[in-house]
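First to last, the protein sequences are chains A and B.
Oh and the first sequence: position 180 is 179 in numbering that gives the first Met the number 0, straight run, nothing missing.
Oh and the second sequence: position 121 is 120 in numbering that gives the first Met the number 0, straight run, nothing missing.
If you are wondering where the hints come from, they were derived from the structure by calculation, not from laboratory data.
Possibly wrong hints are sitting among the right ones.
[Claimed, not checked] 27 angstroms max Cα-Cα, derived DSS-like pairs, lysine-lysine:
hint, chain 1, residue 1, chain 2, residue 2
1, A, Lys-170, B, Lys-679
2, B, Lys-679, A, Lys-177
3, B, Lys-513, A, Lys-596
4, A, Lys-382, B, Lys-453
5, A, Lys-596, B, Lys-453
6, B, Lys-393, A, Lys-234
7, A, Lys-177, B, Lys-677
8, B, Lys-679, A, Lys-382
9, B, Lys-393, A, Lys-459
10, B, Lys-555, A, Lys-382
11, B, Lys-563, A, Lys-459
12, A, Lys-177, B, Lys-393
13, A, Lys-459, B, Lys-453
14, A, Lys-747, A, Lys-771
Spelled out from the first residue to the last, the chains are:
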Amino acid sequence: MRYERKCTSTSFPRSAWERTVGRSAARNENDPARQSYRDAECPDVRSHTERGNEGAVGCLCAVVVILSFVASMPAASPSIGTILPRGAQRGKDVTLVFSGGRLSDTKEVVFYSAGFTVKKLQVVNDGQVKATIHIADDCRLGEHAMRLRTATGLSELQTFFVGALPEIDEKEPNNDFKAPQKIPLNVTVNGVVDSEDVDYFSFEAKKGQRITAEIEGMRLGDTFFDPYVAILDSKRFELVASDDAPLVGQDCIASVVIPADGTYVIQVRDSSYGGNGACHYRLHVGTFPRPTAIVPAGGKLGEEVEVRFLGDPAGPFTQKFKLPTKVEPKFGLFAQTKDGIAPSPNPFRLSEYGNVIEAEPNDTHATATPAALPVALNGVIDKPGDVDCFRFKMKKGETYDVHCYARQLGSPLDSVITIAAFNGGAIAANDDSNGPDSYLRFTAPADGEYVLSITDHLHKGGPTYFYRVEFTPPRAQVTLSIPKVALFSQERQTIVVPRGNRYATLISGARADFGGPLKIGATGLPKGVTIASEDMAANLDVVPVLFEAAADAPIAGSLADITARLDDPKQKVNVPSSFLQTAELVISGPGQSVYWKHDVDREAVAVTEAAPFKINIVEPKVPLVQNGSMNLRVVAERKPGFKAPITVQMLFNPPGVGSATAATIPEGQNETVIPMNAAGNAEVRKWKIVVIGQATVGNGPVWVASQLATLQIAPPYVNFAMERAAAEQGKATEIFCKIQQNTPFPGKAKVQLLGLPNKVTAPVLEITKDTKELAFKVTVDKTSPAGQHKNLFCQVVITQNGEPIVENTGGTELRIDVPLKVAAAPKPQAAAKPEPAKPMQKRLSRLEQLRLEQQEREKAMQEGKKPGPR
Amino acid sequence: MRRISFLMHAATIMAFGLGSVQAYAAEPALASVAVFPSAVQLHTSRGRQSFVVQATYADGITRDVTADAKCTLADPKLVRLDKNVLYPTADGKTTLTVAYGGQQISIPVQVKDAKVDRPISFHLDVMPVFMKAGCNSGACHGAARGKDGFRLSLFGFDADGDHYRLTHEMSGRRIDLAIPANSLLLQKATGAVPHTGGQRFTKDSELYQTLMRWLDAGAPTDPPTVAKPVSLELLPHNAVLDGKGSKQQMVALATYSDGTVRDVTPLALFLSNNETSAKIDADGAVTAGDRGEAFVMARFATFTVGSQIIVLPKGLKFEWPKVAETNYIDKLVDAKLKKLRIDPSPICNDETFLRRAYLDIIGLMPTPEEYTRFMNNSSPKKRAELVDELLSRKEFAEVWVMKWAELLQIRSSQQVSYKATLLYYNWLQERIERNEPMDQLVQELLGSNGGTFKNPATNYYQVETDTLKVSEDVAQVFMGMRIQCAQCHNHPFDRWTTDDYYSFAAFFSQIGRKGTDDPRETIIFNSGGGEVTSPVTHQVMKPKFLGGSTPNVQGKDRREVLAKWLASPKNPYFATNLANIVWAHFFGVGIIDPVDDVRISNPASNPELLRELGKRFTAYHYNFKKLVRDICTSQAYQRASETNASNAGDGRNFSHALIRRIKAEMFLDCITEVTDTKNKFAGLPLGARAVEIADGNNSNYFLTTFGRATRETVCSCEVKLEPTLSQSLHLLNGEDTTQKIQAGNLIGRRLQAKHTPEQIVDELYIRCLARKPTAQEKQKLLTGLSAYKDRQKGLEDIFWALLNSREFMFNH
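Isolated chain A, as found in the complex (with noise of 0.2 angstroms):
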């Protein structure tokens, strides 16, 4: 049943859409572009913790949105929310409506896979755009991926799915079991699953016809919504149903040879009887073929290979494939026969080696399958206990990474791998290294044969419980990625350079099995973008990197390679770089959990109007040296008109350095300061630097970026060793220093004692390149905290190139005492005892006065006189 949704209380962007632009719509309720934005809008009732940051964001936009979407002026990157339908059949046209923010000067829908062709592009206002599409026969089933891209920026990824089967709505009543509603076989059912809500649909079937009813719910990633699905006889007798399936995650499948001709029902819920506007469903329904299972489950690129489909309710089958050659993210087989094409993929490794499919028995050492490494071993754990074994031959020394891929590919096994030598005792083994799936790095310990066996950890089995164990040697490869700025968020994951521009994002790189420095590159970048960055440091896995956009460059995107080179003579490895991009798309408890993502290889690039400013970093003329600190200045240039703030933040500190979260260029203003500083383990090397800086154009935020700059990290010019002081309240103190004079600087610098305590003085003093010493007279105030402060430390400025060089040195302890109640008796010595100290020339230390202090009073007591005050 679908109730009435209550959208307008909670979904800020109609509300406010209503208020605006859309009360000529409102009037009518049966405007069909009004309806359409209804139900486009409602399912993006999502809360934060569901969509991560990306719903806080979305929520935010949309008032920007709406406030300048009067002034008509937009300048930042779209969002979109969602796509309906959320799916379409291939071969057909299929209008997509597009519901997000910043909509309106729409460009491209940009596919990350083949098989779309746009027929026309139509704006609706900001917050819509509709796209016709056609769907190429051939295209590939499921998930596909897509953006849009304006003339001012990319939206965030969201998803698309292809099927094969004709497509109907769910028609709401349908929440009575007396009651469905009626579908013919072979059909996509487009449903939502509202709160609590059961919704039937009856078909009529054959004898010993075969009938799936697959869901995807969890995977169109619109939600958190973990769906159910039953198939039941008239009589309400349940035939089959699903929650889970490994296949397909919270999805689910059920599938069953239907016992006698009749009308049969499935029953369509929230497993938990949750629900709501924006839990969509495809339900696909018909005679194809739905095995969840697949041996072998992998095989070697650009062959041709034999796989055997199993836990298909009429029974186990064979097909034959042809492999791509090259690697492809997320890749899957369909199952197909004449009755139809499974709705889904089951998972499928393409690899460089070739397949080993077990003979039983195998569950000894004895009756081990053989195998030549390297290799991937493939088979089933066809009952409970069964355990496979594979025999093969090592040399010494000889290592292999080995990973079994079971959940990964949707198999209900829980892998438990165990390397032995042949009839001997287990050298290595794993259950869970990678989620539920086992790997492990095994290097023969001597020549000689070893067996691998396989199991279930908790002893289950099936003829559905099938793994794919590979062995690769390890290889050295990188793969590289753009960190996220929040967790989970898909905020600035894309490259969007306005022209005449630059723009600055970090990218990281995860090296496996190598080390050293890497150059970053790019290929497939839109005309006039060219990118630049210092090496990736061998001991960093970060680097900042920047991209500019001539002021001609055609306004357009592209969907890049970013690539990472070796870059270091001395090794001869070829490292393979890969780029990959993970947008999570549900998120929910228990904390934030990712149930659904989506994969891409590929980075996406734009080339986007031109923005009304521009930063720069005023390159600094002097080092920041260790355990000192820098103003880095960053000025504007603002077109005419233009005065918005600018927020400015460095993209990148190098290793012990850190700088201000942010700093802004106030309103009409070009200039700012960055505030920096460097630990006293901050390496001593010359960095790129890049400053971002982002201002509100028009509807939302533009980001650009400064030139790449040098700072240098320099040691501290001199070294402080200070001596610790004491003073009681209201007296005067020493405190001393000895300097270390280690980079001769020009004329004088100025040395200021910082962390005094409260009413507390010292005075500015100077020293040279030269100067060796150095006192300050430390003032003690009546009032001034009593007990041990122990930051006190020196702060010296020194003058170079006309620009400041601050350093922190020393580091001491000052201890103020509280006056000893004295009787009156010693007053008149504590006034007699300055006198002698005075002429002491040289100053002494604290040790040295106390020592002197206690002959003081030794001589007064041999003196008969009463003691002193200590």
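Got chain A sorted already, so can you dock chain B onto it with the hints?
This is chain B only, laid out in the frame that chain A set:
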């Protein structure tokens, strides 16, 4: 105000019954004589054995006739008889003959090593001194940090530790081996030097002598060969005392691992659970007080045992009324009542039975149709038929699903997602609905492995993940034992030692937990590794059944081994505990009460009945529906709540029905039912019943106010039945009465159907109270109603008054 006046008119039930007539008869005849113990063993020159002679009369009264009996030894050369104590003089065998009231009894006496002295033992002789003198009690040196700088283990659970503290801690302070009498230990105990605890014993006491002997011997600890006590017996097992001041001497016997038996009466600590009825002094002499029942206990070493003492008014004459007995339950309940000389209340009327059975068995009120059908049924077996009918209803299962959901703590939390909660609840529901035997269910639950979604029973180990807490919960739920005390020290009022505790916990030490591809799911598995170490002995504890044997767990899933024992006749507590839980549901009080506090010092009010229920439950293959049938068809269950003079004070022996407040969920369901309305709970369809709520975390104001279990612990005290002011106020002013009356519009509909006010009042009474109003009630209500202009308003006020009446709120 008129509303309130209705409240006074309506429902005047809960009046109280008639006194019973008690006749006086002639002095009863002597029935039998018994001597305790029934055999005497005297070992070594330090052996001694006291005995008591108990005479039982035809009316069940017992008397301690030790002093009056004539005792003769067949061979007085072997044994010396001093009052009622036998001392060894020479080795050999003889008999002791006791004659009283014309009856004669002989018991064998065996003497061994009469000339040999027994070496002093720290464990066997010294440690009992500390317990007897109260030194190691919780208030004194037995406190966790000791007292005044000296600590002893609480009730002596750590004898080796105590030996160390006496002899080595603060060396030279506590004992003086050169001049033992100067030992601070003795000087403090005798009050010779200031002692916060005062004088514990005198210099001439046996306790003092024991300590002196130990010090004289050089304060040795025991060689490992020294026998350990293995059991304790308190004799006689029961006594029926005739009037205030009657006495009964008790004898405490300890059996040791070497087979010897010793009289530990002077060393045992005696306690009574009801001092008003029966006091017991330090020497084991019981003195009768007021009428009642008491359980006197002896504590020695790690054992506590007890005997039942019944005290009757002096010279009470009593004649058992001839009451019908349906089954074994009645026989056993009546046997106890006879013993206590209590007259049971008569059988309740049909209306009361109908309401009681509905509320207890299915948690709902009978509908007016059901009421009429039952009342018009003239079958003599109609009550049994009704029970059978109710047992076959789905709601019966739901009541028990809820009960078990409380015990299994089915609730969502950080660790347990709502989906897992729902699956867990469905798992339970499925099993209870298909009447799966409880042993199977419990074995499946405790031995469960797999994912918390795929095998929801594993949620049991996800609700509680702490090994020790899991084992405590298992003991409490499935055996009714609270073993928590034994985590730190031997249970002070039960037999459980820290060894027992950690040995039991060892069954749960190998639970593996790991994540899987669904972040909400956890896989529970047998990790095959992990042990429990006793913090007292620092030794790895072998899994040992609580109160049972040490099974072989090598290579097995320990939990499966435990589950097989726990939910089987091998576990003496399983069947009786479950039977007691079921019993308590129908009687409002357990045979052991609270049901999850089985311990020696909290004995069953009717052990024979509990034993029999357990036996039957086992014989029924743990099908509790059959047990419920036995209970609900018994006369005991059908008794009226009105009391008589002899049973007014009885709350534990089922001589009359107890008035019980209806549990929160059922009460809400009843209000909903009688007002013809529907409830909406999160995650359940409109109209679902409160008993169907799967998640303990899902509650509403009404349920919380009326004490619904939050399922945060396994304790039976989670369900609160105490009345509170907010409950009354909520019923008076809250939405669940007034608004439901409006929402259901029952009155409006009836008026529309042209029912007369009289008919409507009748129906309201039947709906709410399962009875028709009395003539007086009806007359007053109709008079009150005539003052209303708006009849509907008046009738609704009557309805409201009924919902607020005590009779509605209580099951009586």
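Hints, verified against the model:
1. For the given pair, A/Lys-170 sits about 25 angstroms from B/Lys-679 by alpha-carbon distance, which is consistent with the 27 angstroms threshold.
2. The straight-line distance between the Cα atoms of B/Lys-679 and A/Lys-177 is roughly 23 angstroms, inside the 27 angstroms bound, and the hint therefore holds.
3. A distance of roughly 23 angstroms separates the Cα atoms of B/Lys-513 and A/Lys-596; the hinted pair therefore holds under the 27 angstroms criterion.
4. About 18 angstroms separates the Cα atoms of A/Lys-382 and B/Lys-453, which keeps this hinted pair within 27 angstroms; it holds.
5. Restraint check: the Cα-Cα separation between A/Lys-596 and B/Lys-453 comes to about 24 angstroms, which is no more than 27 angstroms; the hinted pair holds.
6. At most 27 angstroms may separate the alpha-carbon atoms for a hinted pair to count; B/Lys-393 and A/Lys-234 meet this at roughly 19 angstroms.
7. Taking the CA atoms of A/Lys-177 and B/Lys-677, the gap is about 22 angstroms. The hint holds against a cut of 27 angstroms.
8. For the hint linking B/Lys-679 to A/Lys-382, the alpha-carbon distance of about 45 angstroms lies beyond 27 angstroms, and the restraint is violated.
9. At most 27 angstroms may separate the alpha-carbon atoms for a hinted pair to count; B/Lys-393 and A/Lys-459 exceed this at roughly 35 angstroms.
10. For the proposed pair B/Lys-555 and A/Lys-382, the alpha carbon gap of about 21 angstroms is at most 27 angstroms, so the pair holds.
11. Proposed proximity of B/Lys-563 and A/Lys-459 is supported: the alpha carbons are some 22 angstroms apart, at most 27 angstroms.
12. Of the pairs offered as hints, the one joining A/Lys-177 and B/Lys-393 holds, with about 22 angstroms between alpha carbons and a cut-off of 27 angstroms not exceeded.
13. Of the supplied pair hints, the one linking A/Lys-459 and B/Lys-453 holds, its CA atoms being roughly 12 angstroms apart against a limit of 27 angstroms.
14. Distance restraint check for A/Lys-747 and A/Lys-771: the Cα-Cα separation of roughly 13 angstroms lies within the 27 angstroms cut-off, and the hinted pair is therefore satisfied.
Hints 8, 9 from the list above are not met by this structure, while the remaining hints are.
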